[in-house]
Amino acid sequence: MKLNTEFMRETFIASLGGVPKTMLITILTLLVSIPIAFAMALSKLENKKVSSKFVTAYVSFIRGTPIVLQILFIYSLLPSTLNHLIKDVFGLSVNVFKMNKIVYAIIVFSLNNIAVLTELFRSALGTVGHGQMEAAMTVGLTKRQAYRRIIIPQALVAALPNLCNTVIGLIKNTSLAFLMAVQEITAISKMKAAAGYYYIEAYLMIALIYIIVCTVVQLLFALIEHQLSAYKKRLAV
Amino acid sequence: MHPFHPSYVFTVLVQLFPYIGVTLLMMLGTVIFGGAIGILLAKAKIKRRIVPRAIAEVYTYLTRCVPSIIMLFIVYYGVPALLLQFGININNFSKGVFVITAFSILFASNLGEVFRAAYLAVDPGQREAAVCSGLSEFQAFYRIILPQAAVHALPNFSNMLVNLMKEGALAYSIGLIDVMGEGNLLIGRNQGSYTLETYLGMAIIYWALTFVIELIFGRLEKNLSKGKKHATSVA
Numbered sequence: 001m002k003l004n005t006e007f008m009r010e011t012f013i014a015s016l017g018g019v020p021k022t023m024l025i026t027i028l029t030l031l032v033s034i035p036i037a038f039a040m041a042l043s044k045l046e047n048k049k050v051s052s053k054f055v056t057a058y059v060s061f062i063r064g065t066p067i068v069l070q071i072l073f074i075y076s077l078l079p080s081t082l083n084h085l086i087k088d089v090f091g092l093s094v095n096v097f098k099m100n101k102i103v104y105a106i107i108v109f110s111l112n113n114i115a116v117l118t119e120l121f122r123s124a125l126g127t128v129g130h131g132q133m134e135a136a137m138t139v140g141l142t143k144r145q146a147y148r149r150i151i152i153p154q155a156l157v158a159a160l161p162n163l164c165n166t167v168i169g170l171i172k173n174t175s176l177a178f179l180m181a182v183q184e185i186t187a188i189s190k191m192k193a194a195a196g197y198y199y200i201e202a203y204l205m206i207a208l209i210y211i212i213v214c215t216v217v218q219l220l221f222a223l224i225e226h227q228l229s230a231y232k233k234r235l236a237v
Numbered sequence: 001m002h003p004f005h006p007s008y009v010f011t012v013l014v015q016l017f018p019y020i021g022v023t024l025l026m027m028l029g030t031v032i033f034g035g036a037i038g039i040l041l042a043k044a045k046i047k048r049r050i051v052p053r054a055i056a057e058v059y060t061y062l063t064r065c066v067p068s069i070i071m072l073f074i075v076y077y078g079v080p081a082l083l084l085q086f087g088i089n090i091n092n093f094s095k096g097v098f099v100i101t102a103f104s105i106l107f108a109s110n111l112g113e114v115f116r117a118a119y120l121a122v123d124p125g126q127r128e129a130a131v132c133s134g135l136s137e138f139q140a141f142y143r144i145i146l147p148q149a150a151v152h153a154l155p156n157f158s159n160m161l162v163n164l165m166k167e168g169a170l171a172y173s174i175g176l177i178d179v180m181g182e183g184n185l186l187i188g189r190n191q192g193s194y195t196l197e198t199y200l201g202m203a204i205i206y207w208a209l210t211f212v213i214e215l216i217f218g219r220l221e222k223n224l225s226k227g228k229k230h231a232t233s234v235a
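Protein chains in written order, with our numbering: chain S, 1 to 237; chain H, 1 to 235.
Mixed in with the good hints, there may be bad ones.
Said to hold, decoys possible - Subject to a maximum C-alpha distance of 25 Å in a straight line, what follows is the list of computed DMTMM-like cross-link-like pairs (lysine to aspartate or glutamate):
| # | chain 1 | residue 1 | chain 2 | residue 2 |
| --- | --- | --- | --- | --- |
| 1 | H | K226 | H | E57 |
| 2 | S | K53 | H | E214 |
| 3 | S | K98 | S | D88 |
| 4 | S | K190 | S | D88 |
| 5 | H | K222 | S | E119 |
| 6 | H | K47 | H | E57 |
Just so you know, the hints here were simulated from the structure itself, not pulled from any lab data.
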C-alpha cells in the first residue's frame, strides 16, 4: 500500500483550519451546559420533587440513546419548529434556514453534554463532606456563600479528572458535526478525500489531528489540576 | 410543519425489532475480540515490564483520542487495501467484520482498563493465601482471584457495554444494517415523511436496550455479591 504523502501533508494543513471551529463548538457548548448542568445537579441533590424526577428522566434518556440519533432527531426537528415559532407565533420575519449551522451543533451538543455534566457534578458535590456545609452555615455564611466559597472550590478539584474526560469525549463527538453541514476538521478532510479518492490518507490525518488536540487539552487540564490542588499539598506539609 | 403521527412510532418499533439482533451480535463480537486484546493490555500494565507496559500505555492513549467514526472509516478503507498487498481480497466481506474490527480496536483499551481495575480491586493477600495453601499460580488466578474480580468488574463492564451500543449506532455510516441502519433505510423508503416518528422509535429501542443492560447487570451484581455480604456480616 502506497500512501500519497503529498496529499497527506496538504490535507493535514487544510484540516488544521477546522481546529478553531471544533474548539469554538466545544467551548461554547461548555459555556452553555455547565451552568444548566450545575443547577440540575443541585436540584437532584436537594431532592426537589418535580424537578428531580424530570432531571432523572432527562439524564436517563440522553445517556441511553446514541448521539448520532440525537443529532439526526434534533436536526430534523429544530429548524422547522423554530421557523414555525418565529413566523407564526411571534410574527417575526427571520429566515431560520439561513442561520449559521454551528448554532444547531451547539444546541445538540449542549443538550447531550448537560446530561453528562449533571451526573459529573452530582458525584463531585457528593465527595465534599456534609460537615463542610454545616460548618459553613454555623460560621454564618448563607447557603449561596457556602457553595461559592467552600463547597464548589473543593468539588471542582474532585471533578477535574472526570471533566477532562468529558471535554475529550465532547471533542470526539464534534467529529459528528459534519452531519449538520458544519465545516470542522472531519468535514474538511472528508471533502478533500472524496475529491481524489484518498480516503485512508485523509482519515489517518484526521486521527492525527484529534490526537494532537486531545493531547493539548489533557496537558492543560493537568496544569489546572496542579494549580488547583495546591491547597492539598500545603495541608499535607 | 409536518403533522405528527404517534401511531407510526409503533409501526417503526415493530419493523426495527428484528434488527436488535444485529446490534447485539456486533456488541458480542466486539466484546470477544476487544476483550482478548484487553486482557493482553491489562496484563502488560499489571506486570510492569517496561516494553509491554509502554506499548499498552501508548495504545490506550492513542485509541482514547480517536473518534469512533474516524476509526470506523480508517478500518473500512485501510484494512482491505493493506491486505490486498499480501494478495488477500476482503473487499466483499460483510460490513459487520469491519465494524467489529474497528470497535474491537477502540474498546480494547476500555475493556483493558475495566479488567485491570477489577484485578487490582482484589486484595493481593488472596493470591498469597491461595499459593500458600498449595494451589498453582494458574489455579489461584482461576479459582480465587477471577470470581472476585468478576464481581468488581460488573458495574464498569455494564457502562462499557452501553457506551459500545451507543457508539455502535455509527456503524450505519459504512452501511451496516442494524437498528440505526434499517431506521435510516425506512426513512428513505418513506421518502422523508415520518422522519421524526422513525427517529423517536429508534430512540425508544436504544433507551430500552440500555435499560435492559443496566437491569441485568444490576441483578447479576446483587446475586454474585451475596456471599460476600454474608461473610462480612458474620465476621
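Cross-check of the supplied hints:
1. K226(H) / E57(H): Violated. K226(H) to E57(H) sits at ~35 Å, over the 25 Å cutoff.
2. K53(S) / E214(H): Holds, at roughly 19 Å.
3. K98(S) / D88(S): 18 Å, holds
4. K190(S) / D88(S): The given pair, whose Cα atoms are some 38 Å apart, is violated under the 25 Å limit.
5. K222(H) / E119(S): 23 Å, holds
6. K47(H) / E57(H): It holds: about 13 Å lies between the C-alpha atoms, which stays within 25 Å.
When held up to the earlier numbered hints, the structure conflicts with 1, 4 and fits the remainder.
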